[in-house]
Amino acid sequence: MYSTQGTRSELYNILANISGSGNVTEEPADLISYSMDSSPEPARIPRIVVRPGSADEISQILRIANRHRYPVVPRGAGTCAGGGATALQGDSIILDLTRLNKVLEISDIDLTVTAQAGITWGALLHELAKKGYRPPFFSTESGFSGTIGGAISSASMASQGATVGGSAADNVVTLEVVLPTGDIIRTGSDALPNGGKFAKICNGGDFAGIFLGSMGVYAIITEATFKLELLPEYSAFGAYVFDRWEDGINFGLKMIKSKIPETLNAIPGNRAVKKSYNVDKPVAFKFVIEGDDKAIVERKKELADSYAREENGVEVEDSIKKTKEWWAEWGNRLNKIAAKYEMMWGMICHRIPLKKLPEAQATADEYFYEEMKIDEYNIKLEVGAYFTDMRPALGYYPYIFFDDSDPKVRKKAWEVWDGWFEKCITTYGACPYWLGYGWARHTVPKLRTPVYNMMVTLKRALDPNNILNPGLFTF
Amino acid sequence: MIRDRDGTYLICPVREIMGFESYYARGRMLQARHILERRMTPTPALAERVYSCMTCGNCKDHCGSEIDLMSIYEAMREDLANAGFGLDEHKRFVEGVEENRNPYLELKTDRLKWASGIKLDNEGKLIYFVGCTSSYRRQEIARATARILEHTNRDFRILDDEWCCGSPLLRTGYKKQSLELIQHNLKAFQDAETIITSCAGCYKTIKFDYPKIADGAETNVLHTSEYVLSLIKDGSLEFNKEVKEVVTYHDPCHLSRGGGVYEAPREVLKSIPGIIIKEMYPTGKNSLCCGAGGGVKSGFKDLAVRIAEEFKIKPSEELGVNTIVTTCPFCKTNMIDAAVKAGSKIGVVDLVELTEKAM
Numbered sequence: 001m002y003s004t005q006g007t008r009s010e011l012y013n014i015l016a017n018i019s020g021s022g023n024v025t026e027e028p029a030d031l032i033s034y035s036m037d038s039s040p041e042p043a044r045i046p047r048i049v050v051r052p053g054s055a056d057e058i059s060q061i062l063r064i065a066n067r068h069r070y071p072v073v074p075r076g077a078g079t080c081a082g083g084g085a086t087a088l089q090g091d092s093i094i095l096d097l098t099r100l101n102k103v104l105e106i107s108d109i110d111l112t113v114t115a116q117a118g119i120t121w122g123a124l125l126h127e128l129a130k131k132g133y134r135p136p137f138f139s140t141e142s143g144f145s146g147t148i149g150g151a152i153s154s155a156s157m158a159s160q161g162a163t164v165g166g167s168a169a170d171n172v173v174t175l176e177v178v179l180p181t182g183d184i185i186r187t188g189s190d191a192l193p194n195g196g197k198f199a200k201i202c203n204g205g206d207f208a209g210i211f212l213g214s215m216g217v218y219a220i221i222t223e224a225t226f227k228l229e230l231l232p233e234y235s236a237f238g239a240y241v242f243d244r245w246e247d248g249i250n251f252g253l254k255m256i257k258s259k260i261p262e263t264l265n266a267i268p269g270n271r272a273v274k275k276s277y278n279v280d281k282p283v284a285f286k287f288v289i290e291g292d293d294k295a296i297v298e299r300k301k302e303l304a305d306s307y308a309r310e311e312n313g314v315e316v317e318d319s320i321k322k323t324k325e326w327w328a329e330w331g332n333r334l335n336k337i338a339a340k341y342e343m344m345w346g347m348i349c350h351r352i353p354l355k356k357l358p359e360a361q362a363t364a365d366e367y368f369y370e371e372m373k374i375d376e377y378n379i380k381l382e383v384g385a386y387f388t389d390m391r392p393a394l395g396y397y398p399y400i401f402f403d404d405s406d407p408k409v410r411k412k413a414w415e416v417w418d419g420w421f422e423k424c425i426t427t428y429g430a431c432p433y434w435l436g437y438g439w440a441r442h443t444v445p446k447l448r449t450p451v452y453n454m455m456v457t458l459k460r461a462l463d464p465n466n467i468l469n470p471g472l473f474t475f
Numbered sequence: 001m002i003r004d005r006d007g008t009y010l011i012c013p014v015r016e017i018m019g020f021e022s023y024y025a026r027g028r029m030l031q032a033r034h035i036l037e038r039r040m041t042p043t044p045a046l047a048e049r050v051y052s053c054m055t056c057g058n059c060k061d062h063c064g065s066e067i068d069l070m071s072i073y074e075a076m077r078e079d080l081a082n083a084g085f086g087l088d089e090h091k092r093f094v095e096g097v098e099e100n101r102n103p104y105l106e107l108k109t110d111r112l113k114w115a116s117g118i119k120l121d122n123e124g125k126l127i128y129f130v131g132c133t134s135s136y137r138r139q140e141i142a143r144a145t146a147r148i149l150e151h152t153n154r155d156f157r158i159l160d161d162e163w164c165c166g167s168p169l170l171r172t173g174y175k176k177q178s179l180e181l182i183q184h185n186l187k188a189f190q191d192a193e194t195i196i197t198s199c200a201g202c203y204k205t206i207k208f209d210y211p212k213i214a215d216g217a218e219t220n221v222l223h224t225s226e227y228v229l230s231l232i233k234d235g236s237l238e239f240n241k242e243v244k245e246v247v248t249y250h251d252p253c254h255l256s257r258g259g260g261v262y263e264a265p266r267e268v269l270k271s272i273p274g275i276i277i278k279e280m281y282p283t284g285k286n287s288l289c290c291g292a293g294g295g296v297k298s299g300f301k302d303l304a305v306r307i308a309e310e311f312k313i314k315p316s317e318e319l320g321v322n323t324i325v326t327t328c329p330f331c332k333t334n335m336i337d338a339a340v341k342a343g344s345k346i347g348v349v350d351l352v353e354l355t356e357k358a359m
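These protein sequences, in sequence, are chains B and S.
Residue 79 in the numbering used here sits at position 79 of the first sequence; the count goes up by one each step and never skips.
Residue 322 in the numbering used here sits at position 322 of the second sequence; the count goes up by one each step and never skips.
Same shape as in the complex, but just chain S (with noise of 0.2 angstroms):
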């Protein structure tokens, strides 16, 4: 299952932290053959061995057999939240965004309050897609790249009903629920040119997800770290404080191994002056799944919460650094939270806080 020449050991978090087979994938593959072949019914103890997953995709980038794991994962909690099993955690979601177009069970009219003294332009061609978590939870990522975008100069736009793109749905096996919000996303991005988002969820999901469930529906999506790259590139972003952090980067999944966005954050953090990076073990395509992904922060707080203290906050501490850096709303509220515990000093924050900052 291993490529690395010293033997990268580390794949599944879950597995780390719950210790039988029946939580990391090769026990889940013989939950779904037993399933099939009908010789084991669906119990509320099987649904929380295949809820517990962060459908992160390390195991599958792993697997020599190049078995699509993660399809099998959401087929079967499909299977599951049809028969009955789903989380009452992720029911009270599913529930929440077919009232109020997000999971976090907020008000629908309270999603912009974030942009407050933001100028927004209506026509622009750019549009920002904000994201559950950053117009909610995490108001300063939004904060910080939609000013990042007013410094320099972009005609952008934020949805003035933007819905949650679907992704804690599809995650969790509720993706029949999950067909209206990407249509109407769809329908609103019918004049963009060019999507941003600040959340790797939401990017993978629209790039990924959207066009294989709406019939071939691309949309041309960029994360905020391959913006901001570009910004920097063509000279429309120049930096001119020092920012003087010893950092390391912690991957989303859904950006990493979901999209493939490994190297764009990295070079906007070597182009901030000031900054140290050092890269925790393992890193890239390698790396750790936060604990957050796949419905495990909302369906099973505290397995999240320790995954983030035990493969992000202590490696983190250990290496040296007194940041860590993401590119994910999600992924920086559970290692926040884990700090927390922990009682770490170690601060977490979003690549484009870092880059207002050194502007």
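Okay, chain B solo, but in the shape it has when bound (with noise of 0.2 angstroms):
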């Protein structure tokens, strides 16, 4: 690796002597490149990035930031869609977890896997396939270049399961994590010498929980034990539209009484129907159907059909393949409708109950259309819901396509990024599932004051010196 600079500072010499010359740098051609991850938020360049290769070397490395103070911020492939995976402060070191790449052990026995923090959804379902296996929740909606560290660090959801499986962070069975003293820990069944990896609550608490979701604000996610199926055989696949909002939302919650679905997304609101569609309806869904027994997988079709016909549903067509890889060409599609409209895109994806999907979207068509006025500055907006961990719940996604190279409208994309996030919180009550500092700066603030006050405290119990992302959490 080439670097024009010709004297080192101390840290990287420091950094250097723990994990390697040659995975540390300092050259700002570098640095550059991770100056931002998929969000909007602007370019914050960090002043080092060292690559570590284990949790050993990390723990060495945050005994250094303690003692000098350094802010440190993980990241992974840097997808995350919110200002996760940067660093707020200039003089931060950043951890490219991403040598971390390895499955550790896919248990038959425990059917679990253990793999590294830094592997990507990629390779670890590429070696879950091998052996017939996938997580029930597999791959975010950054597609499959999304580490799994950073998945379950920001509790990330798409339709790839999560109306089975719920977020990434649902998934985990046991931790290993390194604290901001430098500690390595782990969590569940495995905090006991002899416990395994097979169970998340164990030993006087949800350990996992405190971090899961946390962005790294309390400790580095080096390792994780996932849940695991088997690969399904057989699928199948339906599409309704719905003439009232509550035929469609009956039909919704008939599919998950019933445990029908894999994977059940919504397509809310007129316009986003019209678009998918072509006709003028309210709400439309559609549905994936998974299983090992063909019988069971065309039995519990032709149930999904008759709930939809029970609330007047018509049947349409739909855009997803009906293959194997119907999954992966959702897993897709962000980056497909960008580039259809070859925009830069933002995405503000939280959960409600299935009960607030109508008002969430008429708040929506209200505030982006009305009160924002995006027409005028050619922004687009696609909006799309899929049902989460077999409950009557929604992770509902507006998302904002728009023209990057025009100073005027990235001005007005960022204000109405910005202002949607504190526009849902405080009218139908969006609830974050992860937060980026574009969520976090509007969400923990408002956040019940005694809920404030504990995330404060532990934060100092774990990270006294604060040098584990500060400022992410507004704290």
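There may be inaccurate statements among the hints.
To be verified - Derived DEER-like restraints, expressed as beta-carbon distance ranges:
#: 1; chain 1: B; residue 1: Ala339; chain 2: S; residue 2: Lys119; range: 49 to 55 angstroms
#: 2; chain 1: B; residue 1: Arg63; chain 2: S; residue 2: Gly284; range: 43 to 49 angstroms
#: 3; chain 1: S; residue 1: Glu267; chain 2: B; residue 2: Glu370; range: 55 to 61 angstroms
#: 4; chain 1: B; residue 1: Ala339; chain 2: S; residue 2: Gly284; range: 43 to 49 angstroms
#: 5; chain 1: B; residue 1: Tyr234; chain 2: S; residue 2: Lys233; range: 37 to 43 angstroms
#: 6; chain 1: S; residue 1: Tyr281; chain 2: B; residue 2: Glu370; range: 49 to 55 angstroms
#: 7; chain 1: S; residue 1: Leu107; chain 2: B; residue 2: Glu342; range: 47 to 53 angstroms
#: 8; chain 1: S; residue 1: Gly216; chain 2: B; residue 2: Glu342; range: 22 to 28 angstroms
#: 9; chain 1: B; residue 1: Ser258; chain 2: S; residue 2: Ala75; range: 53 to 59 angstroms
#: 10; chain 1: S; residue 1: Ala83; chain 2: B; residue 2: Gly209; range: 48 to 54 angstroms
#: 11; chain 1: B; residue 1: Glu342; chain 2: S; residue 2: Ala217; range: 26 to 32 angstroms
#: 12; chain 1: B; residue 1: Leu104; chain 2: S; residue 2: Val340; range: 50 to 56 angstroms
#: 13; chain 1: S; residue 1: Ser230; chain 2: B; residue 2: Glu342; range: 37 to 43 angstroms
What the hints assert, rightly or not - Keeping only pairs whose Cα atoms sit at most 25 angstroms apart, straight-line, the calculated SDA-like set for lysine to any residue is:
#: 14; chain 1: B; residue 1: Lys130; chain 2: S; residue 2: Glu226
#: 15; chain 1: B; residue 1: Lys408; chain 2: S; residue 2: Arg38
#: 16; chain 1: S; residue 1: Lys60; chain 2: B; residue 2: Tyr399
#: 17; chain 1: S; residue 1: Lys345; chain 2: S; residue 2: Glu245
#: 18; chain 1: B; residue 1: Lys408; chain 2: S; residue 2: Met40
#: 19; chain 1: B; residue 1: Lys102; chain 2: S; residue 2: Leu10
Everything labelled a hint here was simulated from the structure, so no lab data went into it.
Glycine residues also receive a C-beta, built at the ideal position from the N, C-alpha and C atoms.
Assembly of the complex is requested from the two constituent chains, each provided in isolation within its own frame, with the hints serving as guidance.
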């Protein structure tokens, strides 16, 4: 690796001693590459980047960072959609965790996989597929290039498995994390020397839960054990449009109550339904059913069709491919939409109960089209929702697409994007499941005071010098 | 970014070796953006990042956003070269091309040395465009191609003044310097009905870059794999010998992703009696570059060889094959270098060599 810098900093030498000189850089051409993630957040250039190769190296780095009060920001593939993997403070050390990319164990008897945090979903799924497995949740909206550590740190969800498996974090059994002080701990059953990796809540509490979805504020996740399921052999698909919101909601509820779908997605609002199916209806639903037994899959499809008909649903053709690769197509769809528009995108995904979907959509329509007048700036809006945890609860996602090269449009898009966080929290009660800086600065100050105080207390206890991702949660 | 059920995850071999984000697509896009927004000025270190890409196109093909990354990389290289940040190794071959019409610093007068004993018909409407690598470094490929053409009684000709196709210059940011070469070769192609080439780089350049640069100058160019397949299909070429080898096929990027030719080489291989083909992972449209392209072989020799060793030689050995077959002389050279470095007994041959062996 070529560097223009004649003299290395003292910090460079320290980190190079730990992780090797080929794994540390303070070269501007490298630092710039770590200045953004997949969000519209502005570029923030770190002080130095290190690629540690083990939890032990991370432990050493954190001890040094503590001694010298260096801010430390963990980063996987950098696909966070809200400013979760960039240096909010210019003096930061970026911990690029992608060297931690190994599958450590696939257990046929515990039905678990243990992998290092920096492995991508693509690599993990590739290894699991060789043995006929996948986790119930299998890949983020960013596609398979995101890392598992990033996904569980942000409690990432997407339509690939979320209806059954919830978020990435919900599929975790045990974790290995490095605390800011440098201690390496294991959670759940793995906290006992002979415990193994089979149970999440043990030994006095859900300690993994502290770190799941916490965006690397309390610790660095270095290893995770996930639940596994068999790759299904058969699949069936369907899509229906409904005349009334309540009909669609009843259909969704029936599907969840009967635990039929592998994936159930809602297309909310007349604009979205028109765009997808060219009909003027308030809501549509599409579903995937999977299983190992063809007859069971076919029977479930019959039931799903009958539930839709009971609510006067009309079947429509959907573009999802009726193949085993359906989820890969869906996983890549945002980028495809961005390609269609040739625009930058901003994501504002959050959780809502099913009953609030009509209100959420009405709020979004009013905010984006009437209040923000996005059409005047040629800002495009795409909305959708997917069921999670086999519950009447949704991940609801309005995404904006805009011409990033036009400063006027960029400024407006930022206003729209940033403003929506505030709007949806304060109107219909959106609940963000992930907290990049975009979400956090609007959400954390609004938490009930005792909850906020508890978070600050927890942070002080675990990270007394506030070195891990300082400022991300506003503290 | 990924489309396969089992999650194809290897996209950029440079990223796998170098690690930092600055060595692959998203990092390079941020570098380009900072340069365009004048928040960064070119440096030799930046040039090293930008030039350490084989322009294999795998990131482009897997980019859900469908950004034409290759064009951006080549434009960045052009700007860097114009600003004086081109690599010395590339500047040397630019000089070589200007002086002797090849990037290997070989004499122009030696270009046809390989053809000793080959009967050349100077009137044929079929031109075999040999390319610099087969002319100077991998002459066995040129000879095997010519023998297949002779064996099947084709009236072919070889240009007595063939110049570099321009690919090395275009890929490394010296577009302006390539114009003279392109005009010369196009003029030489004027009376031809068909041009065949055994080089993936020449193929992509003549077929796709020439029309763009020379204002719609389209030529009927076929890669040897396509031409040999047509000979098999029309009955002109029959195989009389068995070639008992277990092989894997390496897709050269400029032929596969660059030219869309995936099946022809495999069909030819399947036609050869005795050959057993095993596909390495990843393969076809997901195949990884051997490490040689885009000026990396000349600019970063160790990186090029290491990539071939990690992603071609080792996987082929694990696959249990004894030969890697390819359809590009440049890929062949790099994989041979890697096999030697790794101490591997695996053989690397061009498809035309196996074809000739079976005739």
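Tested hints:
no. : hint                                      : in the structure
1   : Ala339(B) / Lys119(S): 49 to 55 angstroms : holds, 52 angstroms
2   : Arg63(B) / Gly284(S): 43 to 49 angstroms  : holds, 47 angstroms
3   : Glu267(S) / Glu370(B): 55 to 61 angstroms : holds, 59 angstroms
4   : Ala339(B) / Gly284(S): 43 to 49 angstroms : violated, 22 angstroms
5   : Tyr234(B) / Lys233(S): 37 to 43 angstroms : holds, 39 angstroms
6   : Tyr281(S) / Glu370(B): 49 to 55 angstroms : holds, 52 angstroms
7   : Leu107(S) / Glu342(B): 47 to 53 angstroms : holds, 49 angstroms
8   : Gly216(S) / Glu342(B): 22 to 28 angstroms : holds, 25 angstroms
9   : Ser258(B) / Ala75(S): 53 to 59 angstroms  : holds, 55 angstroms
10  : Ala83(S) / Gly209(B): 48 to 54 angstroms  : holds, 53 angstroms
11  : Glu342(B) / Ala217(S): 26 to 32 angstroms : holds, 29 angstroms
12  : Leu104(B) / Val340(S): 50 to 56 angstroms : violated, 34 angstroms
13  : Ser230(S) / Glu342(B): 37 to 43 angstroms : holds, 39 angstroms
14  : Lys130(B) / Glu226(S)                     : violated, 34 angstroms
15  : Lys408(B) / Arg38(S)                      : holds, 19 angstroms
16  : Lys60(S) / Tyr399(B)                      : holds, 24 angstroms
17  : Lys345(S) / Glu245(S)                     : holds, 14 angstroms
18  : Lys408(B) / Met40(S)                      : holds, 23 angstroms
19  : Lys102(B) / Leu10(S)                      : holds, 14 angstroms
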